[in-house]
Amino acid sequence: MNDLLLMCMVAGRRAAIPAIRVQSVIEIEDITPIPGAPAFIRGLTALRSQALTVIDCSVALGFETAQAPPDQRAAVVEIDGHLYALLVDAAYDVGEALSDPIEVPGGFGAGWQAATRGMVETDGGPTLLIDVEALVSGPVSQAA
Amino acid sequence: MDDLLADFVAETREMLEASSGEIVAWEADPSDTARLDTIFRFVHTVKGNCGFFDFPQLEKLSHAAEDALSECRSGRREPDRALVSAVLAIIDRIGVMTDSIEAGEECSAEGDDDLIAALQPGEITSVVGEPKAATPQQAEPADGEDDAAPKAARSNGVQRSIRLPTELLDEVMKGVSDMVLARNDLARRLREAGEQPTIDGPFDRLSAILADVRNAITRMRMQRLEHLFGSLPRLVRDLSNELGKQVMVDFEGGEVELDREMVEMVRDPLTHIIRNAIDHGLEGPGERIKADKREIGLLKFAARQSGNRITLTISDDGRGINIERLAAKAVAAGIYSQAEVDAMSQRRKHYLIFEPGLSTADEVSSVSGRGVGMDVVRANIERVGGSIDVASKPGEGTSFYLKLPLTLSIIAALTVGSDGQRYAIPRSYVEEIVFGSSDHIDFAEAGDRRLITFRGKRVPCLSLAEILGTQAGDAMDWEASTLVLVRLASDDIFALAVDRVYDHEDVVVKPIAPAIMDTGLYAGTTLLDDGRPMMLLDLPSIAQKHELVNEMRSATRVPEEETAEQRKAQPIMLFTGLDGRRRAVRLELVRRIDTIAREAIDIEGSRVQAVIDGAIYPLAGLEHGELTADRCRLLRLSDGDSEIVYAVREVLDAAELEGEVIPSDADAMIEGVALIDERPVPVIDGHALFARHSGGQRKAPPLSCRLPADSDWARTILEPLVEAAGYRIAGDGDEESDVAIELAEAPAVAAGPARRVIRLRHEPDAPGDGADSIYRYDREALLNALKRARMGETA
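The listed protein sequences derive, respectively, from chains A and B. Residue 144 is where the first sequence ends in UniProt numbering, and the numbering goes up by one at each step. Residue 795 is where the second sequence ends in UniProt numbering, and the numbering goes up by one at each step.
Keep in mind that a hint or two might mislead.
Heads up, simulated EDC-like pairs for lysine to aspartate or glutamate below, C-alpha to C-alpha not over 20 Å straight-line [to be verified]:
1. B:Lys349 to B:Asp375
2. B:Lys174 to A:Asp80
3. B:Lys545 to B:Asp389
4. B:Lys393 to B:Asp342
5. B:Lys174 to A:Glu133
6. B:Lys393 to B:Asp292
These are computed hints drawn from the structure, not numbers from a lab.
All chains, please: the whole structure from these sequences, using the hints.
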């Protein structure tokens with residue numbers, strides 16, 4: 001199990017996104033808000049003439065949104081032909097997974113539980129592996 | 001027709017290629033029925049197509065082959081080598097004929113009969129069969145050699161068509177769309193970087209090329225719905241004849257483009273719906289008259305594009321769906337229990353029409369009513385990712401709404417602003433744009449619903465900011481907003497208040513993430529030139545959310561709208577003339593409205609002209625009063641060839657001319673008087689106007705007139721007069737002129753031949769022999785003579 005992971009910080013916790021899903025990590029400058037859309041969708045941003053749906057990971061996990069730093073980083077992933085930019089608190093390096101994702105007794109907490117595939121060991125310690133599909137469907141579908 | 005023919009040739013060729021392998025395999029084993037079937041299908045299809053195109057030779061050949069093969073298939077005849085050879089010869093011949101059809105040349109029928117004869121079982125002897133079949137085959141290349149060269153040369157000029165998998169087209173199209181977006185991005189960066197002549201030139205060229213490519217690629221996949229609509233009147237005619245009904249069809253939105261493949265997918269479902277509508281939607285003429293309807297039934301097709309979807313509405317003004325009977329049948333057929341049906345809403349009951357095995361027709365006709373149809377229609381529509389809906393009102397008609405996806409599209413959009421952000425609205429929905437501050441608009445409130453009164457109609461009004469939740473309706477400054485009147489495919493109208501309207505733009509619509517789609521507010525996204533994303537509003541869904549679409553109401557409204565349209569509501573423009581009275585002119589005539597300075601108008605006696613943008617136009621409308629002091633409002637009218645301008649005091653509004661125009665004899669310049677907003681308004685007679693003011697402006701080549709050669713008087717005094725009378729002064733040389741003017745004092749100096757001669761004399765009083773001459777300063781008589789000459793010439 002030597003999958004590469006993009007290490008990042010989401011809602012103040014260490015998290016990881018499978019690197020194979022990440023097309024690039026970008027700095028988001030300009031977000032066009034979409035009135036009426038769920039709160040975890042921050043809006044749209046353009047990348048190389050393509051529109052990305054910007055997902056605020058913290059909100060999607062059911063947390064309050066963090067104070068947005070001026071140059072927010074986001075991981076670009078493609079799901080079902082749609083491009084998403086996953087806004088994270090901070091994005092670090094690409095690291096190696098040292099174990100398969102595992103569940104821990106008692107779970108990871110309501111928000112995390114639904115959007116993670118489990119905990120993996122990494123060089124930096126235990127990290128939650130984000131399930132991007134679950135994340136982009138937002139907290140609304142988790143409640144349902 | 002050429003398209004169809006090209007399709008036919010392409011299809012036949014394709015099948016020839018596909019079946020060539022089968023033919024060889026069949027030859028190896030004539031008893032192989034699977035091969036036999038393939039070849040049978042080929043000749044059968046060719047035969048069918050030939051009947052359509054009227055290629056008797058080809059039809060005869062394929063028919064003969066089909067007969068022989070069908071005998072084999074039914075087991076009445078054993079396929080043998082002779083038959084295989086004969087069939088092969090015919091297939092080769094079909095290939096040759098197809099080539100000549102493509103090249104547009106005649107193909108000789110020589111040898112065809114031998115080919116057909118070779119198929120006959122009587123010919124089966126290994127001795128006769130082989131050579132018989134072989135002879136024409138050998139003759140073929142011989143024929144071919146003769147004109148092989150010219151044919152090859154000719155085929156270069158013929159439009160060849162190829163077939164491509166649509167996935168490949170999709171891929172290319174997606175690539176081009178992305179290139180367009182990348183170009184826009186680059187354009188923005190170049191703009192930011194300032195002027196760079198060395199780069200800007202090539203970049204412009206690239207842009208132009210890209211635009212061409214994009215157009216071509218789009219055309220590759222798209223087909224106007226007209227192509228589909230074009231085949232419907234015939235279908236409707238045939239069906240209505242068969243069923244003894246009179247049906248009129250009306251089309252709207254034929255310019256909407258749909259994926260070629262999608263057009264084909266819709267054809268069958270549409271045919272089903274039409275059959276149903278004519279067979280048991282529309283009543284017979286007698287029943288219609290009894291029901292106080294027009295004898296002729298109406299079938300209306302309307303197409304709209306919105307974002308990634310096309311909405312196709314098929315409405316009839318027939319008897320509507322009998323829900324009770326439909327429900328009873330559903331119970332009888334055991335699909336639902338009585339209790340389940342009772343619990344259903346009206347809408348749900350209508351939906352029963354899509355249940356398999358249900359039909360409301362009492363009698364099964366040859367056309368429909370066998371209980372297959374609407375369920376198949378629904379299945380087909382859903383298979384291509386679309387949806388179907390129905391609305392009906394007893395006695396008033398039924399409408400089917402087909403929503404079809406459009407995977408990738410470029411649509412014409414109107415960009416509007418709300419709360420500092422831009423949004424796009426598909427232009428096909430936009431009926432009109434009016435300012436909230438305009439005099440014609442009144443705002444009113446009924447409960448919580450805001451209404452505007454526009455042209456005497458109360459229309460519900462929504463604020464975009466309120467819809468999007470960015471601003472409360474109470475805080476809205478309605479007067480300052482711009483209202484976009486939106487007409488949905490269901491004919492429901494509502495007004496959308498936006499902060500401002502920006503521009504018309506063609507936008508590439510991209511699908512949006514499901515979570516955003518779920519809001520029901522947006523249909524897609526697109527990128528602005530500056531690279532920022534812009535959302536495309538989903539108006540039908542917004543209207544639905546705010547309960548502005550009422551199926552029942554829209555169904556009842558359909559017949560009313562129809563009668564109005566049959567009378568052809570004519571658009572007109574209302575204005576006040578210089579005397580302050582209201583008048584109207586047909587909007588088709590109005591080219592534009594100009595405002596010019598008083599100095600640009602030149603009045604001398606009855607000649608009145610205005611100068612606009614360096615061109616001189618005759619000016620009308622002055623008979624009603626004086627021009628205003630400094631600036632003049634002018635309507636520029638055009639009859640297609642020439643233009644005249646019409647002075648008005650004020651342009652009021654556009655309106656519909658719904659009632660009759662009551663003719664009036666009193667004033668030749670008006671067509672009659674129409675009732676608009678309960679007030680009589682004279683309608684300007686465009687015909688009379690142009691007849692009076694642009695007459696003689698664009699005459700056929702003017703007649704020529706020869707003047708006395710060496711007379712100063714003729715050159716300085718006579719020439720302008722003659723020219724003003726519409727003559728061209730004939731040049732020197734021996735060219736024959738239409739009229740010649742000679743001076744009586746200087747006879748025999750004929751400068752050149754002329755058909756008519758006018759003689760001028762010096763003395764006011766005619767001398768004894770001068771009865772045929774005119775006094776040189778008798779302007780009246782001279783002009784009359786010139787006029788007579790012209791009449792004589794043109795008569």
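Does Asp375 (chain B) lie within 20 Å of Lys349 (chain B) when you go C-alpha to C-alpha? holds (14 Å)
Would you check the hint for Lys393 (chain B) and Asp292 (chain B), treating anything up to 20 Å between C-alpha atoms as holding? holds (16 Å)
Just to be careful, I want the Cα atoms of Lys174 (chain B) and Glu133 (chain A) compared with a cutoff of 20 Å; is the pair within it? violated (24 Å)
Pair hint Lys174 (chain B) and Asp80 (chain A), alpha-carbon separation not exceeding 20 Å: holds (16 Å)
20 Å Cα cutoff - pair Lys545 (chain B), Asp389 (chain B): Holds. Lys545 (chain B) to Asp389 (chain B) sits at ~17 Å (cutoff 20 Å).
Within 20 Å, alpha carbon to alpha carbon, are Lys393 (chain B) and Asp342 (chain B)? Holds, at about 19 Å.
The structure fails hint 5 only (numbered hints given earlier).
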